[in-house]
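Engineer: Protein chains in written order, with our numbering: chain Y, 1 to 346; chain A, 347 to 692.
FYI, nobody ran anything at the bench for these hints, they're computed from the structure.
A hint or two may mislead.
As the list claims (entries may be wrong) - Output of the computed footprint for chain A on chain Y, the stretches with three or more beta carbons under 8 angstroms from beta carbons of chain A:
hint: 1; region: 49 to 55
hint: 2; region: 91 to 98
hint: 3; region: 114 to 123
hint: 4; region: 198 to 211
Said to hold, decoys possible - Okay, derived cross-link-like pairs now, DSS-like style, lysine-lysine, Cα gap no bigger than 27 angstroms in a straight line:
hint: 5; chain 1: Y; residue 1: K8; chain 2: Y; residue 2: K185
hint: 6; chain 1: A; residue 1: K409; chain 2: Y; residue 2: K272
hint: 7; chain 1: A; residue 1: K560; chain 2: Y; residue 2: K8
hint: 8; chain 1: Y; residue 1: K272; chain 2: A; residue 2: K614
hint: 9; chain 1: Y; residue 1: K346; chain 2: A; residue 2: K409
hint: 10; chain 1: Y; residue 1: K185; chain 2: Y; residue 2: K200
hint: 11; chain 1: A; residue 1: K409; chain 2: Y; residue 2: K268
Claimed, not checked - Beta-carbon label-pair distances, calculated as ranges:
hint: 12; chain 1: Y; residue 1: E322; chain 2: A; residue 2: Y541; range: 47 to 57 angstroms
hint: 13; chain 1: Y; residue 1: G146; chain 2: A; residue 2: P643; range: 32 to 42 angstroms
hint: 14; chain 1: A; residue 1: E487; chain 2: Y; residue 2: E243; range: 51 to 61 angstroms
hint: 15; chain 1: Y; residue 1: S22; chain 2: A; residue 2: L685; range: 52 to 62 angstroms
hint: 16; chain 1: Y; residue 1: K346; chain 2: A; residue 2: P643; range: 16 to 26 angstroms
hint: 17; chain 1: A; residue 1: E589; chain 2: Y; residue 2: K346; range: 51 to 61 angstroms
These numbers come from a predicted model, not from an experiment.
Positions of the beta carbon are idealized from the N, C-alpha and C atoms, including for glycine.
Protein chains: 2
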Amino acid sequence: MKRKVTLKQISKELDVSISTVSKALRNSKEISEDTREKVQAFAKLYNYRPNNIALSLKNRKTKTIGIIIPEIVHHFFSKVIRGIELVANKHGYNVIVGLSNESFDKEVINMEMLANGSIDGFILSISKETLLQQDYHHFNETISQGMPIVMFDRVINDIKCDKVIVDDVQGSKKAVNKLVENGCKKIAIITTKDYVSVGKLRTQGYLEALDENKIHPEADLILKVDDKLVSEDYLDVLEREIEHLFKSNKKLDGVFAVNELYAITAMKVARKFGKHIPNDIQVIGFTDGVLSKHATPSLTTVSQHGQKIGEKAAELLIHKLEHEDEEEQFQTVVIETELVERESTK
Amino acid sequence: MKRKVTLKQISKELDVSISTVSKALRNSKEISEDTREKVQAFAKLYNYRPNNIALSLKNRKTKTIGIIIPEIVHHFFSKVIRGIELVANKHGYNVIVGLSNESFDKEVINMEMLANGSIDGFILSISKETLLQQDYHHFNETISQGMPIVMFDRVINDIKCDKVIVDDVQGSKKAVNKLVENGCKKIAIITTKDYVSVGKLRTQGYLEALDENKIHPEADLILKVDDKLVSEDYLDVLEREIEHLFKSNKKLDGVFAVNELYAITAMKVARKFGKHIPNDIQVIGFTDGVLSKHATPSLTTVSQHGQKIGEKAAELLIHKLEHEDEEEQFQTVVIETELVERESTK
DNA sequence: ATTCGCAACGAAAACGTTTTCGTGTTAACA
DNA sequence: TGTTAACACGAAAACGTTTTCGTTGCGAAT
Chain Y
1 MKRKVTLKQI
11 SKELDVSIST
21 VSKALRNSKE
31 ISEDTREKVQ
41 AFAKLYNYRP
51 NNIALSLKNR
61 KTKTIGIIIP
71 EIVHHFFSKV
81 IRGIELVANK
91 HGYNVIVGLS
101 NESFDKEVIN
111 MEMLANGSID
121 GFILSISKET
131 LLQQDYHHFN
141 ETISQGMPIV
151 MFDRVINDIK
161 CDKVIVDDVQ
171 GSKKAVNKLV
181 ENGCKKIAII
191 TTKDYVSVGK
201 LRTQGYLEAL
211 DENKIHPEAD
221 LILKVDDKLV
231 SEDYLDVLER
241 EIEHLFKSNK
251 KLDGVFAVNE
261 LYAITAMKVA
271 RKFGKHIPND
281 IQVIGFTDGV
291 LSKHATPSLT
301 TVSQHGQKIG
311 EKAAELLIHK
321 LEHEDEEEQF
331 QTVVIETELV
341 ERESTK
Chain A
347 MKRKVTLKQI
357 SKELDVSIST
367 VSKALRNSKE
377 ISEDTREKVQ
387 AFAKLYNYRP
397 NNIALSLKNR
407 KTKTIGIIIP
417 EIVHHFFSKV
427 IRGIELVANK
437 HGYNVIVGLS
447 NESFDKEVIN
457 MEMLANGSID
467 GFILSISKET
477 LLQQDYHHFN
487 ETISQGMPIV
497 MFDRVINDIK
507 CDKVIVDDVQ
517 GSKKAVNKLV
527 ENGCKKIAII
537 TTKDYVSVGK
547 LRTQGYLEAL
557 DENKIHPEAD
567 LILKVDDKLV
577 SEDYLDVLER
587 EIEHLFKSNK
597 KLDGVFAVNE
607 LYAITAMKVA
617 RKFGKHIPND
627 IQVIGFTDGV
637 LSKHATPSLT
647 TVSQHGQKIG
657 EKAAELLIHK
667 LEHEDEEEQF
677 QTVVIETELV
687 ERESTK
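Please work from the sequences and hints to get the whole structure.
Structural biologist: Written out as structure tokens, the structure is:
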């Protein structure tokens with residue numbers, strides 16, 4: 001087992017100083033061609049690679065991006081990571097991942113672990129618990145220590161950082177408008193409680209679209225599911241609530257669900273009630289995951305372009321990291337959604 | 347913007363030496379209670395946290411695990427990551443993720459990036475291209491430099507490292523036996539080309555199970571899909587090949603697919619041919635993902651327990667890292683599969 | 001003969017820790 | 001009074017780099 005070779009070892013071996021070795025390897029003109037070749041040959045032979053940690057310490061840059069997300073077993077988030085990793089790697093950055101598991105404490109702990117020198121900046125999406133408690137001190141603290149943050153998807157407006165979001169309102173309007181175009185008269189929305197910012201915005205889009213189409217919103221058609229507790233029987237609860245929605249609205253002919261799972265479950269319930277999709281009821285979801293593509297019938301969705309979100313977030317962060325001199329100003333980039341039509345609509 | 351405070355700054359501020367500050371913070375008995383309290387109060391006030399990079403350099407340990415996987419937008423791999431992250435965090439480790447995207451070059455580059463001091467050890471699953479080329483020098487080199495590796499799922503036998511695998515053969519036998527028990531006479535397998543080790547093993551399990559049940563294998567019933575090129579029309583090709591399988595085997599009544607996508611597609615084709623699932627044809631997949639759970643009909647699968655695989659891999663690696671003195675010996679842990687029965691079988 | 005400039009290299013600081021090994025002061029003891 | 005031991009602290013090395021600032025030797029110019 002041959003340990004990694006260092007400058008010091010090379011210098012000892014060749015009987016020159018450490019500085020000479022370092023300079024020779026970086027092709028400094030200070031060093032004679034003779035010794036330069038000698039050093040480089042030796043380094044190549046022993047497969048010398050500068051130690052990243054030492055470089056990080058010296059440069060006070062780690063070339064590493066920290067990602068904090070609520071959950072990784074999730075199509076949207078993994079797509080975002082892929083996007084981040086793609087552009088990060090292109091710029092010579094690595095990516096370190098922390099999972100909050102939707103918990104405030106884990107979010108804080110993970111951030112503290114990484115903020116102490118391990119990374120140059122954060123890309124994150126806020127956990128539900130944090131959104132609920134509205135305690136954002138950890139974000140503000142890391143920012144005030146000079147570490148930039150880029151938030152995506154689940155963001156908070158009054159935090160001084162770049163943001164990448166989806167045009168949730170517009171996306172929802174596209175969906176609802178489609179349903180209206182396709183002849184739906186009674187359109188329900190299955191959404192989350194309002195503390196989840198994206199849920200709130202999508203609900204808003206739904207309401208605006210109804211308004212623009214001169215349709216009166218009905219409280220009965222708005223189902224706000226509480227997904228605070230991800231318990232074992234979560235799916236059952238969800239299904240029961242949707243069943244209740246169907247029962248109390250016999251004439252329901254359109255459903256807009258703010259995520260894939262809600263949409264799939266709605267289709268399941270519809271089938272249970274003997275409704276044909278899309279003839280009796282049309283369904284549109286949000287987030288373009290595997291489920292939507294491979295469900296039967298396949299699901300029309302508002303696609304979020306997770307990978308593009310990740311790419312943009314990484315670009316923003318890296319730009320900030322490599323242009324620290326520029327005056328501070330934060331932007332919010334909106335990634336366009338796209339309505340992907342499949343079999344669950346006419 | 348207040349930069350992170352260091353020992354040196356504290357020492358200057360309180361007019362003591364750096365050593366005194368360090369010792370005071372670590373509650374050394376060398377330091378008088380007086381100065382200890384003074385230092386700790388000051389440190390708390392300024393929210394002092396030791397710099398991870400400096401610690402890494404000093405201790406020659408980063409407390410970070412490098413993960414290299416072919417793809418992150420994949421239920422199985424993200425579950426594994428979740429498992430790794432879980433136990434890594436419990437032991438105070440962080441997790442840094444590199445994606446090979448099934449490419450040999452990216453795998454090598456990613457490993458080199460991380461191997462130069464950034465991490466203490468690797469957990470990885472080998473890319474298809476690497477498996478195809480059979481070039482394993484990068485694994486052997488990192489190992490010979492004293493950096494431990496744990497491989498999971500897609501592994502190579504003759505590399506000196508710990509491995510965590512699924513009992514692919516047994517799992518497949520469970521599936522096929524189930525189909526036989528349920529009365530299937532003509533059972534097909536949809537699998538990958540043999541260079542994907544798990545595909546090969548699952549095919550082997552299929553054949554063994556047939557043999558044990560005194561069923562003659564038929565070449566026509568074995569469909570080996572080439573997933574080397576993940577092209578645009580990959581799905582179409584897959585579908586056509588499966589259609590061909592169905593056409594040339596009219597009496598087909600059981601399908602065992604080595605992954606979720608193949609299984610789902612098989613069900614789709616079956617429906618196209620007017621076959622009812624599970625009455626006419628029963629289908630079993632491998633890997634327990636979202637698709638299986640939420641498809642209609644929901645899919646009976648051989649569950650791999652991705653999270654458990656990740657947990658075990660992390661345990662093995664961390665044990666090796668924290669007991670470097672122990673004599674080298676490598677183990678291969680087999681994670682049991684489990685047949686999860688759903689609607690696609692009787 | 002003295003100065004100058006250049007080529008080629010080395011010493012040392014710095015990044016932020018921890019730890020080993022002094023060192024000076026004081027109090028107790030012979 | 002002189003020795004010793006405990007106490008409280010500081011200096012310095014080490015981890016592996018890069019970079020600034022010497023320093024040396026030597027040929028050329030004055």
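Engineer: Each hint should be assessed against the structure and marked as holding or not.
Structural biologist: Cross-check of the supplied hints:
1. 49 to 55: holds (count 6)
2. 91 to 98: holds (count 5)
3. 114 to 123: Three-residue rule met by the region 114 to 123 of chain Y, so holds; n is 5.
4. 198 to 211: violated (count 0)
5. Y:K8 / Y:K185: 77 angstroms, violated
6. A:K409 / Y:K272: 52 angstroms, violated
7. A:K560 / Y:K8: This hinted pair is violated, its Cα atoms lying about 68 angstroms apart.
8. Y:K272 / A:K614: Holds. K272 of chain Y to K614 of chain A sits at ~20 angstroms (cutoff 27 angstroms).
9. Y:K346 / A:K409: Distance of about 54 angstroms is beyond 27 angstroms: violated.
10. Y:K185 / Y:K200: Given that 27 angstroms is the threshold and the Cα spacing comes to 23 angstroms, the pair holds.
11. A:K409 / Y:K268: 46 angstroms, violated
12. Y:E322 / A:Y541: 47 to 57 angstroms: Check failed, 41 angstroms falls outside 47 to 57 angstroms.
13. Y:G146 / A:P643: 32 to 42 angstroms: 55 angstroms, violated
14. A:E487 / Y:E243: 51 to 61 angstroms: 59 angstroms, holds
15. Y:S22 / A:L685: 52 to 62 angstroms: Given range 52 to 62 angstroms: holds, Cβ gap about 60 angstroms.
16. Y:K346 / A:P643: 16 to 26 angstroms: 24 angstroms, holds
17. A:E589 / Y:K346: 51 to 61 angstroms: 27 angstroms, violated
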